[in-house]
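> One letter stands for each residue in the lines below.
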Amino acid sequence: MPGNADVDADRKASFQREALPHMDAVYRFALRLSASPDQAQDLVQDTFLRAYRSWDQYTPGTQCKSWLFTICRNLYLRQRERGQRHDEIVTANAPVGQASEGGVNPLWSAVEGSDPEGEFFGSIVDAEVLTAIDALPEEYRTAVVLSDVEGMSYDEIAAMLDVPVGTVKSRLFRGRRRLQKVLYDYAVEMGYLAAATSEGGVRDPHG
Amino acid sequence: MSLLYDYLDGELEGVSLERVKAHFEACRMCYPHLRFEEAFRAAIQRAGRGEKAPADLKAHLLELLESTSAES
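From first to last, the protein sequence lines stand for chains F and U.
Residue numbers 38 to 244, in our numbering, belong to the letters of the first sequence in order.
Residue numbers -18 to 53, in our numbering, belong to the letters of the second sequence in order.
In short, the hints are calculated from the structure, not lab data.
C-beta atoms are modelled at their ideal positions from N, C-alpha and C, and glycine is treated no differently.
Be a bit skeptical, because a hint or two may be false.
[Unchecked claim] Pulled a few chain F residues facing chain U out of the computed Cβ check, cut under 10 Å:
1) Gln53
2) Arg54
3) Ala62
4) Val81
5) Val141
6) Trp145
7) Gly155
8) Leu167
9) Leu209
10) Leu220
11) Ala231
[As the list claims (entries may be wrong)] Residues from chain U that face chain F, not an exhaustive set, calculated with beta carbons under 7 Å:
12) Ala3
13) Ala7
14) Arg9
15) Pro13
16) Phe21
17) Lys33
18) Ala36
19) Asp37
20) Leu38
Just chain U, same shape as in the assembly:
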């Protein structure tokens, strides 16, 4: 289980990455489990990245920065 998250989170490399990847893709138990966690991740990421800073906040901040001098 911990390996599965290490793999999904991009924390494995080299030989261990190759071995774990090969196992997850071949194992009847692991493969759907992997897909399940990926579907969860995709939903979280899509929702979490959907919001943008309001345009007036950006404009306001740019104005503030123009009038602020650093490390006074």
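So that you can see chain F by itself, here it is in the shape it has in the complex:
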């Protein structure tokens, strides 16, 4: 049909301009979802092919990265549904102990005497931080990645996950607390940080 070639060229150009620059972001999001470089590559490929086919459904000027992440996550969830049980979801809903959503961060109280500004976080190598993120239940992991890595707002995350803003905040709270605990334990184990005693904090003997 006449004109189709022009339409295709325009589409291709706008897709390359708006969607493709997010490839690194989609890749690292896919990596966090799947925890497997091979699966992440497949997810990225499927995400962009699907996005390209439905490019007409994307509203120009809206958050293209969120739109791509949504496609990527839906593909991942569908694959996971086919592949395994919902054991991760069960874990996510299990009680997490003392984490009530108010008051002072108990972990901060533990380092108050030795490292109140959390410098130990900066001593932990990236690979170890990523391992800790990947060990979180999927619901917490996704919220933490979208907020803390990608800088998305509560509203954007809520829209993407199709949950209320309060749920996003709760998942972020719980996810961050778990992650902080894992990183703290690692830092103590590695000697970056002296373990707190019942007396309060312990001074770093090297500092």
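Given chain F's structure and the hints, the job is docking chain U onto it.
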């Protein structure tokens, strides 16, 4: 605590942002707590943003897109 995260997550604006910010920066309890959460955030962000899509994946995808036509 919830305010602290709202603040760090950039969810406050206007008068409440100014008031909360002024408090966190002046309060002896809150300030290190804020720095602690910021240090945590910085570590997560640095690690999370460190990975790039492999070059061959990018090249492969570009090729695929060239040969794919939309909404057939």
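> Decide, hint by hint, whether the structure agrees.
Taking the hints in turn, this is what the structure says about them:
Interface hint status for Gln53 (chain F): upheld, as the beta-carbon distance to the closest one in chain U is roughly 8 Å, under 10 Å. Interface restraint check for Arg54 (chain F): the shortest CB-CB distance to chain U comes to about 13 Å, outside 10 Å, so the restraint is violated. At a threshold of 10 Å, the smallest CB-CB gap from Ala62 (chain F) to chain U is about 9 Å, leaving the interface hint in force. Against a cut-off of 10 Å between C-beta atoms, the interface hint on Val81 (chain F) holds, since the closest Cβ of chain U lies about 6 Å away.
Among the interface hints, the one on Val141 (chain F) holds; its C-beta lies about 7 Å from the nearest C-beta in chain U, closer than the 10 Å criterion. Given the 10 Å rule on beta carbons, the hint for Trp145 (chain F) holds: about 5 Å separates it from the nearest Cβ of chain U. Look at Gly155 (chain F): its Cβ gets to within about 4 Å of chain U, closer than 10 Å, so that hint holds up. With a cut of 10 Å, the hint placing Leu167 (chain F) at the interface with chain U holds, because the nearest CB-to-CB distance is about 5 Å.
Contact between Leu209 (chain F) and chain U, as hinted, is supported at the beta carbon level, the nearest pair being about 7 Å apart and thus within 10 Å. Hint status for Leu220 (chain F) relative to chain U: holds, with the closest Cβ pair at about 7 Å, below 10 Å. Given the 10 Å rule on beta carbons, the hint for Ala231 (chain F) is violated: about 16 Å separates it from the nearest Cβ of chain U. Here the hint on Ala3 (chain U) is broken, as its CB sits about 20 Å from the closest CB of chain F, past 7 Å.
Checking Ala7 (chain U) against chain F by beta carbon gives a least distance of about 16 Å; that is not within 7 Å, so the hint is violated. A cut of 7 Å between beta carbons decides the hint on Arg9 (chain U): the least distance to chain F is about 10 Å, and the hint is violated. Because the beta carbon of Pro13 (chain U) sits about 4 Å from the nearest beta carbon in chain F, less than 7 Å, this interface hint is met. The closest approach between the C-beta of Phe21 (chain U) and any C-beta of chain F is roughly 5 Å, which is under the 7 Å cut-off, so the hint is satisfied.
With a cut of 7 Å, the hint placing Lys33 (chain U) at the interface with chain F holds, because the nearest CB-to-CB distance is about 5 Å. Look at Ala36 (chain U): its Cβ only gets to about 11 Å from chain F, farther than 7 Å, so that hint breaks. Evaluation of the Asp37 (chain U) hint against chain F yields a violated restraint, the C-beta minimum of about 9 Å exceeding 7 Å. Satisfaction of the interface hint for Leu38 (chain U) is found here, the shortest Cβ-Cβ separation to chain F being roughly 5 Å, below the 7 Å cut-off.
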